[in-house]
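The listed protein sequences correspond, in order, to chains A and B. Going by my numbering, the first residue of the first sequence is number 2, and it counts up by one from there. Going by my numbering, the first residue of the second sequence is number 9, and it counts up by one from there.
I should point out that these hints are in silico values taken from the structure, not numbers from a laboratory. Just so it is clear, the structure is predicted and the values come from calculations on it, not from any experiment. Don't take every hint at face value.
Label-pair distances were calculated between CB atoms; the ranges are [claimed, not checked]:
1. A:Tyr156 - B:Asn13: 20 to 26 Å
2. B:Trp50 - A:Ser19: 57 to 63 Å
3. B:Val66 - A:Ile168: 32 to 38 Å
4. B:Lys57 - A:Lys212: 37 to 43 Å
5. B:His52 - A:Ser66: 52 to 58 Å
6. B:Leu55 - A:Ser194: 19 to 25 Å
7. A:Ser66 - B:Asn13: 54 to 60 Å
8. A:Asn205 - B:Lys57: 39 to 45 Å
9. A:Ser83 - B:Trp50: 29 to 35 Å
10. B:Lys57 - A:Tyr156: 25 to 31 Å
11. B:Thr54 - A:Thr113: 31 to 37 Å
Where chain A lies over chain B, by a calculated footprint (3+ residues, C-beta under 8 Å) [unchecked claim]:
12. 10 to 17
13. 35 to 43
C-beta atoms are modelled at their ideal positions from N, C-alpha and C, and glycine is treated no differently.
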Amino acid sequence: MSTVKSKKLQVGTDATSSNNFTIYQPATPDGTLRIGVGNAENPTEVAQFHSSGITMASGKTMTVSGQELIASPIMERRYISSTASISHATTTVLDFATEDFANPSSIYDFATNAFTPTRAGYYEIYFQAMLNNTNTPYRFMTYIFRNSGSLSRGYISTASGTEIFGIVSTTAIAYFNGSTDTFDFRVLAYDSSSNSLEIMSSTNSTYMQYKYLGDF
Amino acid sequence: MSLFNKITTLYTELTDEDFAPDTGTIMLQNDSDGKGDYIKEWNHPTLAKPTQEQLDGVQ
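Chain A with its partners taken away, still in its complex shape:
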């Protein structure tokens, strides 16, 4: 049995350096083993092994069966922070002004009240809205829209003149291209006397949330 000691080991001797890999230790040893693409003179780090496991370099990914592993889930939750007055029989896009949390960052556009995912793939989306019994609402709908089309809706109705009061929810799983596709949340309500109605605020009354599921 022989032992080879070296700080760098280049695997491959192709004339194109990006076809070669280098296993190396950084100039100042720090207990890590690096794997980089390129020749031994100037490798670009892809990942490093250390006593705690493996860390991918910034921008590098790890895949299993063709699917990228994401350690920290992409997700967001927002709610409307003040009562929204909506006109009778008028589809209204809700303004989710307040963030509960967002990872890595919010994708909400305050100008359009729409969300634009920046990573392509499937997202699970949930939305609920609470209709107040100000006046006499008799029909209430909630919608999740992708671009200009309805993905899903919740619906409750009774006879005109009979009041409804409560929460209507809806959920969807849908694909977004990570660049131009958007989603938003809309409500539509009818009052027995054609008056305006109120969507109740607070984090547990009217809110939305989404979670990235993956791309496949």
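Given chain A, put chain B in place with the hints provided.
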């Protein structure tokens, strides 16, 4: 006065069902962008889409 009420003042024959999703022919919308309610779609078979002047004239 809301846009719905202005329209139904001009066209008294319209009912809530004319504004219902899927089955109605008129769709009103508000994008919560500060611009208020507007007519998103008007596909009524006999009644013409009201002009802004007509809507402004409704008291």
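How the hints compare with the structure:
Our hint of 20 to 26 Å for tyrosine 156 of chain A and asparagine 13 of chain B holds, since their Cβ atoms are close to 24 Å apart. The beta-carbon spacing between tryptophan 50 of chain B and serine 19 of chain A, approximately 59 Å, falls within the hinted interval of 57 to 63 Å. A beta carbon spacing of about 35 Å between valine 66 of chain B and isoleucine 168 of chain A agrees with the range 32 to 38 Å that was offered as a hint. Against the hinted window of 37 to 43 Å, the Cβ-Cβ separation of lysine 57 of chain B and lysine 212 of chain A comes to about 41 Å, which satisfies the hint.
Between histidine 52 of chain B and serine 66 of chain A the C-beta distance comes to about 53 Å, which sits within the given range of 52 to 58 Å. Between leucine 55 of chain B and serine 194 of chain A the beta carbon distance is about 23 Å. The supplied range of 19 to 25 Å therefore holds. The hinted window of 54 to 60 Å between serine 66 of chain A and asparagine 13 of chain B holds, with their beta carbons roughly 58 Å apart. For asparagine 205 of chain A and lysine 57 of chain B, the hinted distance range of 39 to 45 Å is satisfied, since their beta carbons lie about 41 Å from each other.
Distance hint for serine 83 of chain A and tryptophan 50 of chain B: a CB-CB separation of about 31 Å, consistent with the stated range 29 to 35 Å. Lysine 57 of chain B and tyrosine 156 of chain A have their C-beta atoms about 27 Å apart, which keeps the hinted 25 to 31 Å range intact. Range check, threonine 54 of chain B to threonine 113 of chain A: about 35 Å between beta-carbon atoms, so the 31 to 37 Å window is met. Residues of the segment 10 to 17 of chain B with a Cβ under 8 Å from some Cβ of chain A number 5, which satisfies the need for three, so the listed coverage holds.
Coverage of the segment 35 to 43 of chain B by chain A holds [criterion: at least 3 residues with CB-CB distance below 8 Å; count 7].
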